[in-house]
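Enquirer: Since chain D is already given, all that's left is putting chain R on it; use the hints.
Protein chains: 2
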Amino acid sequence: MSAALDLERTTRIDLPRLLRRIAMLGDVGAIEGGGVCRLALTDEDRAGRDLVVSWMRELGLAVSVDGIGNVVGVRAGREDLPPVMTGSHIDTVRTGGRYDGNLGVLAGLEVIAALDDAGIVTRRPLAVAFFTNEEGARFAPDMMGSLVFQGDLPLQQALDTRGIDGTTVGENLARIGYAGPAPVGRHRVHAFVELHVEQGPVLEHEDIAIGAVTGVQGIHWSEFTVEGTSNHAGTTPMRLRHDAGLVAARVACFVRDLSRELGGAQLATVGQVQCFPNLVNVIPSRAVFTVDLRNTDGTALAEAVQRTLAYAQDVAKTEGVRLSRRTLADFAPVAFDAGMVDRVEAIARRHGHSVRRMPSGAGHDAQILARMCPAGMIFVPSVAGLSHNVAELTHDRDIQAGADVLLDLMLELAA
Amino acid sequence: MSAALDLERTTRIDLPRLLRRIAMLGDVGAIEGGGVCRLALTDEDRAGRDLVVSWMRELGLAVSVDGIGNVVGVRAGREDLPPVMTGSHIDTVRTGGRYDGNLGVLAGLEVIAALDDAGIVTRRPLAVAFFTNEEGARFAPDMMGSLVFQGDLPLQQALDTRGIDGTTVGENLARIGYAGPAPVGRHRVHAFVELHVEQGPVLEHEDIAIGAVTGVQGIHWSEFTVEGTSNHAGTTPMRLRHDAGLVAARVACFVRDLSRELGGAQLATVGQVQCFPNLVNVIPSRAVFTVDLRNTDGTALAEAVQRTLAYAQDVAKTEGVRLSRRTLADFAPVAFDAGMVDRVEAIARRHGHSVRRMPSGAGHDAQILARMCPAGMIFVPSVAGLSHNVAELTHDRDIQAGADVLLDLMLELAA
Numbered sequence: 048m049s050a051a052l053d054l055e056r057t058t059r060i061d062l063p064r065l066l067r068r069i070a071m072l073g074d075v076g077a078i079e080g081g082g083v084c085r086l087a088l089t090d091e092d093r094a095g096r097d098l099v100v101s102w103m104r105e106l107g108l109a110v111s112v113d114g115i116g117n118v119v120g121v122r123a124g125r126e127d128l129p130p131v132m133t134g135s136h137i138d139t140v141r142t143g144g145r146y147d148g149n150l151g152v153l154a155g156l157e158v159i160a161a162l163d164d165a166g167i168v169t170r171r172p173l174a175v176a177f178f179t180n181e182e183g184a185r186f187a188p189d190m191m192g193s194l195v196f197q198g199d200l201p202l203q204q205a206l207d208t209r210g211i212d213g214t215t216v217g218e219n220l221a222r223i224g225y226a227g228p229a230p231v232g233r234h235r236v237h238a239f240v241e242l243h244v245e246q247g248p249v250l251e252h253e254d255i256a257i258g259a260v261t262g263v264q265g266i267h268w269s270e271f272t273v274e275g276t277s278n279h280a281g282t283t284p285m286r287l288r289h290d291a292g293l294v295a296a297r298v299a300c301f302v303r304d305l306s307r308e309l310g311g312a313q314l315a316t317v318g319q320v321q322c323f324p325n326l327v328n329v330i331p332s333r334a335v336f337t338v339d340l341r342n343t344d345g346t347a348l349a350e351a352v353q354r355t356l357a358y359a360q361d362v363a364k365t366e367g368v369r370l371s372r373r374t375l376a377d378f379a380p381v382a383f384d385a386g387m388v389d390r391v392e393a394i395a396r397r398h399g400h401s402v403r404r405m406p407s408g409a410g411h412d413a414q415i416l417a418r419m420c421p422a423g424m425i426f427v428p429s430v431a432g433l434s435h436n437v438a439e440l441t442h443d444r445d446i447q448a449g450a451d452v453l454l455d456l457m458l459e460l461a462a
Numbered sequence: 048m049s050a051a052l053d054l055e056r057t058t059r060i061d062l063p064r065l066l067r068r069i070a071m072l073g074d075v076g077a078i079e080g081g082g083v084c085r086l087a088l089t090d091e092d093r094a095g096r097d098l099v100v101s102w103m104r105e106l107g108l109a110v111s112v113d114g115i116g117n118v119v120g121v122r123a124g125r126e127d128l129p130p131v132m133t134g135s136h137i138d139t140v141r142t143g144g145r146y147d148g149n150l151g152v153l154a155g156l157e158v159i160a161a162l163d164d165a166g167i168v169t170r171r172p173l174a175v176a177f178f179t180n181e182e183g184a185r186f187a188p189d190m191m192g193s194l195v196f197q198g199d200l201p202l203q204q205a206l207d208t209r210g211i212d213g214t215t216v217g218e219n220l221a222r223i224g225y226a227g228p229a230p231v232g233r234h235r236v237h238a239f240v241e242l243h244v245e246q247g248p249v250l251e252h253e254d255i256a257i258g259a260v261t262g263v264q265g266i267h268w269s270e271f272t273v274e275g276t277s278n279h280a281g282t283t284p285m286r287l288r289h290d291a292g293l294v295a296a297r298v299a300c301f302v303r304d305l306s307r308e309l310g311g312a313q314l315a316t317v318g319q320v321q322c323f324p325n326l327v328n329v330i331p332s333r334a335v336f337t338v339d340l341r342n343t344d345g346t347a348l349a350e351a352v353q354r355t356l357a358y359a360q361d362v363a364k365t366e367g368v369r370l371s372r373r374t375l376a377d378f379a380p381v382a383f384d385a386g387m388v389d390r391v392e393a394i395a396r397r398h399g400h401s402v403r404r405m406p407s408g409a410g411h412d413a414q415i416l417a418r419m420c421p422a423g424m425i426f427v428p429s430v431a432g433l434s435h436n437v438a439e440l441t442h443d444r445d446i447q448a449g450a451d452v453l454l455d456l457m458l459e460l461a462a
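Keeping their order, the protein sequence lines are chains D and R.
Note that this note's numbering has the first sequence beginning at 48, numbered continuously upward.
Note that this note's numbering has the second sequence beginning at 48, numbered continuously upward.
For the record, the hints were derived by calculation from the structure and aren't laboratory data.
Predicted model, so just to flag it, every value in this text is computed and none were measured.
Hints may be right or wrong, so weigh each one.
To be verified - Some chain R residues close to chain D (C-beta under 7 Å, calculated; not the full set): (1) Thr282; (2) Met285; (3) Thr316; (4) Val317.
A virtual CB, placed ideally from N, CA and C, is assigned to each residue, including glycine.
Next up, chain D with everything else stripped away, as it sits in the complex:
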């Protein structure tokens, strides 16, 4: 114990090695502009998985794959106890960056490698995981893998989920060879920590190196489908129209205005819109669009969800169209374990970094793991706040700082 704590003060991660892995994984599914497209369970995702698994094996980790494709690599401890786990995800959105998710997984591997180099064996086992379909860009809900891992989403329900291309999670898992035998929903984890890029502008704006994440804002995703009447744009009087596209547009404007009215931390985004038949001179018969609402305040979020639905129903009635809605994701705000937030803050200060407590604007696997064990997160700055964007960037010095905090945090938790 005391030997480990002594060493801890001097053990640091190897930045070039970590950067090399980030670059190599970023080359898998690379797209123009420096970004990455590795939608969950595509061929690109498989290639990324294969690469990370090969690194896990090189590091001597015991690799297991569960029924939803989550991959966990375990480094044995001196005692056979529930592990201290870190990790994140390696799937991306269609125009993703190379840090989102990937940094957390690869920093976890780097922690293992650095401990190997230093000859340190912890009391508790250490585990590095990457969870399936965190982004939800191809299959809803997001954070699917961690939800199945933790137990709140039944495996079969997840496997039956149909994605944007009409195929299921189960089919795709089988196709890419990641429907593994490890059981889900009955894990014991001592603690979970996740290093992640902020994906927002706050840390950079305030020139702070480390964010000690206090929790995650609540998230509510709806998909609305509007069914109107397709008709000729030149011969149908305005009063006789049943324009599905107009209802989508009205709701998009409404949620923007609502976010301003509610103020505070309320966010509202219409990211996806599709009109049918989508021709210049045909009134849209059908529109499908999504509304992403987020707030750190659960009550305000519920109000936003409720008012959006009421407005959509109202405007659909006025236009004489049918409206239906389904919930794609619904996560209440999460508060991370207070002791974990304290530890992140203390370690960052000990390393001489500026640090601030802050909520997370995005959803993360750590918020699901928080249902089964003490969980926490470390944020590092995103240049210009850009994320879900090919230009996503975190500076090398911030990667070093974040990964070193992760290393010490895992050492403390595993002691």
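Expert: Below, chain R alone, put in the same frame as chain D:
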């Protein structure tokens, strides 16, 4: 002459034969629900063209194909004069019906067949034409073929036009074998008449059999492209967003509200919207959308165009995004030849039909031909006003009435 006029009173079209041809052409590119998808210059369009050309040849017409793929079949008259022409188009929108355009072409063939049956030869030649890409659903502008035929659109410019799938008109014409040798832009046509379904609800609503079309409303199509910044929906404060999709939504709402404010015959439609990357949790970086504005009053239409652009620029500035616009189509209101409108009305009354003068809400090839010769149109009712819709329908009795009026009108004009 007097022999022809005597026979005219008893010569009628053969409805079952006409309906058979409508059904056979409707089977080419048939889609679920009884509709047709024969976008201009696709394989389906080629198959439809081949069928109609085979009928033209069966009727002994002299068939020519020009450089933009317009097909004209000519029946010789007693004198070598400019022909009386009828026709329309056989391309459809993606979710089109089987009458729009097709009726006018096939009724023209039926007029020829009925005159053959009755052994009538007219003084002037008669011609039946179908013009390329009237709909503009794949290549803008619409009425492309008639514009090239008439001479206001240079052939090369039309051939270089790139469609929604990135390929050009020229490539596709060559591919389907309809880049013909006949010259364009130097035709002499004595008169042009087009039978068409109303595509709106007015005739059915007033229980009137025949519309004597007085003109065509002005049409203005814009395509707007908005360039914002793609960013994470959960971490980007509302005040820092540059949401391209929101601008599209605001403009869609604006043009609807503007049409109400301007009132009268002002129509406004946003039929096409595409957002990128089109994901639930990513703020759209790019939105491309169209605005279709129409009015019988050219001054009011110009005001609508101007105010829409000003609003779009304004809202783009507020959102901090770049906006560009291109004109896809721009047609001033057209008034048809007064003598032609009188003839349609008089013939319809002589046949015992109810008739009303009315403007056309949709654009038609006849409005382009009106620049080179006296032109007119005959409308027949559309059930429930549906058009550009698979459920498009015109009752058999109305088809009979319209085709018989067309026959007598062509006989009068060719005398």
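Enquirer: It remains to establish, for every hint, whether it holds in the given structure.
Expert: Taking the hints in turn, this is what the structure says about them:
| no. | hint | result |
| --- | --- | --- |
| 1 | Thr282 | 3 Å, holds |
| 2 | Met285 | 5 Å, holds |
| 3 | Thr316 | 4 Å, holds |
| 4 | Val317 | 6 Å, holds |
Of the hints listed earlier, there is not a single one the structure fails to meet.
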